[in-house]
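S.K.: Take a look at the letters that make up each chain.
2 protein chains.
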Amino acid sequence: MSNHSPDDHLVLDDFRELERIGATPAGGVHRLSGTPEDRLLREWFRSRAEDQGFEVRVDGIGNMFACREFTPGAPYVLVGSHLDSQPLAGRFDGAYGVLAALHAARRVLSRLAAEGVSPPLNLAVVNWFNEEGARFAPSLMGSSVYAGIYSLEDMLAVTDLDGVSVRDALDSIGYRGSDEPPRAACYAEIHIEQGRILEREGIDIGVVEASWYTQKLDITVNGEQSHTGATAMADRRDALVGAAEAVLAVHDATLDFPEGALVSSIGQHVVEPNSPIVVPRRVHMIADLRSADPEVVRAARAALLDRFAAIGEKRRVEFEVDDFDVREVRRFPEAGVSLAERVIASEGLTSRRLSTMAGHDAVAMNSIVPAVLLFVPSVDGVSHCERESTEDEDMLRGVRALTGVVRELLERTPGPPRSAAR
Amino acid sequence: MSNHSPDDHLVLDDFRELERIGATPAGGVHRLSGTPEDRLLREWFRSRAEDQGFEVRVDGIGNMFACREFTPGAPYVLVGSHLDSQPLAGRFDGAYGVLAALHAARRVLSRLAAEGVSPPLNLAVVNWFNEEGARFAPSLMGSSVYAGIYSLEDMLAVTDLDGVSVRDALDSIGYRGSDEPPRAACYAEIHIEQGRILEREGIDIGVVEASWYTQKLDITVNGEQSHTGATAMADRRDALVGAAEAVLAVHDATLDFPEGALVSSIGQHVVEPNSPIVVPRRVHMIADLRSADPEVVRAARAALLDRFAAIGEKRRVEFEVDDFDVREVRRFPEAGVSLAERVIASEGLTSRRLSTMAGHDAVAMNSIVPAVLLFVPSVDGVSHCERESTEDEDMLRGVRALTGVVRELLERTPGPPRSAAR
Chain W
0 MSNHSPDDHL
10 VLDDFRELER
20 IGATPAGGVH
30 RLSGTPEDRL
40 LREWFRSRAE
50 DQGFEVRVDG
60 IGNMFACREF
70 TPGAPYVLVG
80 SHLDSQPLAG
90 RFDGAYGVLA
100 ALHAARRVLS
110 RLAAEGVSPP
120 LNLAVVNWFN
130 EEGARFAPSL
140 MGSSVYAGIY
150 SLEDMLAVTD
160 LDGVSVRDAL
170 DSIGYRGSDE
180 PPRAACYAEI
190 HIEQGRILER
200 EGIDIGVVEA
210 SWYTQKLDIT
220 VNGEQSHTGA
230 TAMADRRDAL
240 VGAAEAVLAV
250 HDATLDFPEG
260 ALVSSIGQHV
270 VEPNSPIVVP
280 RRVHMIADLR
290 SADPEVVRAA
300 RAALLDRFAA
310 IGEKRRVEFE
320 VDDFDVREVR
330 RFPEAGVSLA
340 ERVIASEGLT
350 SRRLSTMAGH
360 DAVAMNSIVP
370 AVLLFVPSVD
380 GVSHCEREST
390 EDEDMLRGVR
400 ALTGVVRELL
410 ERTPGPPRSA
420 AR
Chain G
0 MSNHSPDDHL
10 VLDDFRELER
20 IGATPAGGVH
30 RLSGTPEDRL
40 LREWFRSRAE
50 DQGFEVRVDG
60 IGNMFACREF
70 TPGAPYVLVG
80 SHLDSQPLAG
90 RFDGAYGVLA
100 ALHAARRVLS
110 RLAAEGVSPP
120 LNLAVVNWFN
130 EEGARFAPSL
140 MGSSVYAGIY
150 SLEDMLAVTD
160 LDGVSVRDAL
170 DSIGYRGSDE
180 PPRAACYAEI
190 HIEQGRILER
200 EGIDIGVVEA
210 SWYTQKLDIT
220 VNGEQSHTGA
230 TAMADRRDAL
240 VGAAEAVLAV
250 HDATLDFPEG
260 ALVSSIGQHV
270 VEPNSPIVVP
280 RRVHMIADLR
290 SADPEVVRAA
300 RAALLDRFAA
310 IGEKRRVEFE
320 VDDFDVREVR
330 RFPEAGVSLA
340 ERVIASEGLT
350 SRRLSTMAGH
360 DAVAMNSIVP
370 AVLLFVPSVD
380 GVSHCEREST
390 EDEDMLRGVR
400 ALTGVVRELL
410 ERTPGPPRSA
420 AR
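So the sequence lines, in the order shown, correspond to chains W and G.
Under numbering that gives the first Met the number 0, residues 0 to 421 are what the first sequence spells out, in order.
Under numbering that gives the first Met the number 0, residues 0 to 421 are what the second sequence spells out, in order.
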């Protein structure tokens with residue numbers, strides 16, 4: 000790989016430095032929002048941005064914007080992603096997008112300087128707060144507050160499993176800011192695919208044309224606490240037994256639909272009191288349902304509610320179920336998709352259109368401004384785990400594509416704002 | 000209830016005071032081992048014991064012995080129970096036994112003084128460390144170390160779910176002692192039944208003649224962490240789905256046997272990484288199997304291991320299963336059972352023989368010295384929950400019975416030590 004240009008080496012060396020923050024022994028990273036690792040990431044971001052002459056602003060939910068003004072009063076092309084990670088996660092998810100945005104911005108500034116051009120729009124690289132929703136639910140928190148989907152006060156009050164609030168976590172690392180965030184004209188993001196399509200088809204870059212319909216269910220199963228030894232089986236109301244049936248029901252919900260039409264699972268599942276010789280009193284779970292077709296999710300949800308009622312009756316436990324984090328299918332603007340395709344082709348790279356099953360900050364931003372979302376290939380399609388990987392060459396191709404997209408976006412006249420998201 | 004004797008009032012008033020330590024809003028208590036609540040309980044115990052002229056010793060695992068020597072060099076009649084509780088538990092489990100032991104000891108001392116008698120054996124009231132095993136597994140920890148069933152060093156190294164060791168927890172409350180514990184001649188304990196037999200039959204006191212065969216299984220389910228959104232269902236290896244099938248298998252294991260022959264459940268169940276949008280990598284669970292008949296537990300265990308293997312294959316996850324905390328059926332000595340029956344009858348109370356499904360410190364002690372275990376009725380048979388209850392009159396009858404038993408035991412010639420437990 001010694002045939003890389005000096006500029007490409009800058010990108011790769013920078014990634015090698017970034018991946019050391021919160022590194023795990025198995026080759027991944029562990030960088031939960033609002034932790035000391037998050038602070039280190041932010042200091043890295045600030046230092047890189049200031050070195051390039053950007054002014055860093057931090058807003059009330061801890062989003063960081065590295066701003067460069069060309070035209071006073073004009074809105075900004077925002078480009079970025081997130082530096083937080085899932086627990087024991089991969090090095091690429093989010094972090095690659097922020098790194099690529101910083102380097103794309105650097106290259107664009109350098110081209111503009113060389114051309115002697117001052118564009119009509121301004122430029123900001125963004126590191127969104129808590130995209131993952133791992134420590135604090137919901138995910139896409141920072142970009143959704145920016146987009147007006149969630150209120151700042153509601154999100155600051157969200158607590159983790161230990162009862163620590165977003166407000167206190169941000170204060171503890173010194174990153175609950177008070178700066179006015181830059182006004183966006185449009186948004187661009189590059190991310191790893193987290194799927195296998197690009198790798199399987201040998202395509203360089205994916206251009207996302209729509210996001211899946213997703214929703215979560217907040218499920219509480221209430222039984223009665225009792226002694227595992229002294230309580231007859233017939234006298235028990237075991238919340239975990241009810242929950243176990245619900246876990247299987249959520250998993251099997253996909254079988255009612257064509258293969259690939261629905262994904263569903265339970266990722267968070269907490270048992271109370273969680274003592275070896277106590278029959279569980281309560282289980283709290285979060286289920287995640289996603290499909291390209293909203294009707295599929297709605298049908299699965301309805302079937303699950305019926306199923307939970309039946310399980311509750313059979314197991315003598317009570318289910319409480321609340322919908323949250325419902326995200327409609329959103330199409331990315333055709334103008335942005337074709338702009339990206341054109342730029343990618345002009346770089347001599349191949350592309351194809353994709354949908355995203357996963358949520359991204361670009362999905363939240365796409366609810367208020369035209370957004371462009373690009374994917375680079377993921378090795379084996381794996382993500383949210385330590386063996387998540389993307390090849391160096393794919394990272395570099397992505398930076399080239401993103402640089403071209405940002406350069407084009409800076410020259411565009413801002414369109415009217417899009418309607419607010421639900 | 001104003002027709003109680005002044006001495007009975009002392010017992011009930013003392014219980015009202017004790018139940019305020021670690022009290023919960025719903026009328027229960029929350030007193031995990033090695034916590035600030037545990038320290039308050041221990042200070043209460045020390046103060047009560049010293050007021051009665053006992054010398055308090057604390058051994059290396061935090062067991063507290065309130066000692067009164069009559070015959071220098073002679074072994075001790077130990078009488079007691081435990082002050083720790085399950086999370087959000089009842090006020091009676093363990094605490095009643097320690098309270099009853101303190102008052103029985105007080106009454107015995109007063110009778111001996113009135114009679115001008117000095118018995119051949121010595122007397123100690125004991126508060127065992129961590130009977131519940133809620134924060135630190137296994138249960139019966141303090142009495143089992145005393146009985147030589149577990150080694151002190153192994154138990155000091157046990158950690159809770161936050162990684163805090165028994166050693167550090169005891170040090171943090173100042174109760175990792177260095178005193179030599181008193182040598183036991185025999186042991187007596189009174190406890191709430193935690194079942195419905197005494198209440199249903201209208202019997203005052205249960206005399207335990209045997210303990211059930213019990214064992215635990217430490218179960219780890221290993222899958223692969225991935226993204227709940229971006230990972231196709233067919234590519235997932237969801238540890239929680241495998242665990243859910245195992246939870247149901249453990250519950251349904253009882254159906255292979257006659258009703259009441261086996262109880263089984265999973266009380267502890269921890270999901271990793273436990274994030275709403277991550278397919279779980281690992282689940283760690285503890286299953287608890289109990290029966291009066293060891294063959295029933297062995298058959299259930301064998302069937303479960305087969306079942307886990309099948310689940311693992313079907314769900315593409317791996318099970319690791321280890322046996323631990325295996326407790327053989329132990330008969331309590333007939334001499335102690337008949338002594339208790341005689342004393343109870345002489346107090347004008349009724350009794351019947353019972354087995355204990357639940358573990359008790361008396362079960363551990365019964366492996367090294369003759370032990371007597373008495374039960375008082377539990378309202379509705381419920382235990383390990385906040386609505387656990389025992390009537391005042393039943394508590395007072397229990398103190399009378401225990402007082403008589405302790406008085407008799409003090410006069411007995413110590414027999415040879417029993418063989419050590421497995």
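Incorrect hints may appear among the rest.
[Claimed, not checked] What the simulated footprint calls covered on chain G by chain W, stretch by stretch (three residues with Cβ under 8 angstroms from a Cβ of chain W suffice, anywhere in the stretch; the number is not a length):
(1) 275 to 283
(2) 331 to 345
(3) 370 to 383
These are computed hints drawn from the structure, not numbers from a lab.
Glycine included, every Cβ here is placed at the ideal spot set by N, Cα and C.
S.K.: Run every hint past the structure and note whether it holds.
M.R.: Going through the hints against the structure:
1. Counting residues of the segment 275 to 283 of chain G whose beta carbon lies closer than 8 angstroms to any beta carbon of chain W gives 6, which reaches the threshold of three, so the coverage claim holds.
2. Residue count for the segment 331 to 345 of chain G with a Cβ under 8 angstroms from a Cβ of chain W: 0. That is fewer than the three needed, and the coverage hint is violated.
3. For a cut-off of 8 angstroms, the count of residues in the segment 370 to 383 of chain G with a CB near a CB of chain W stands at 4, and the three-residue condition holds.
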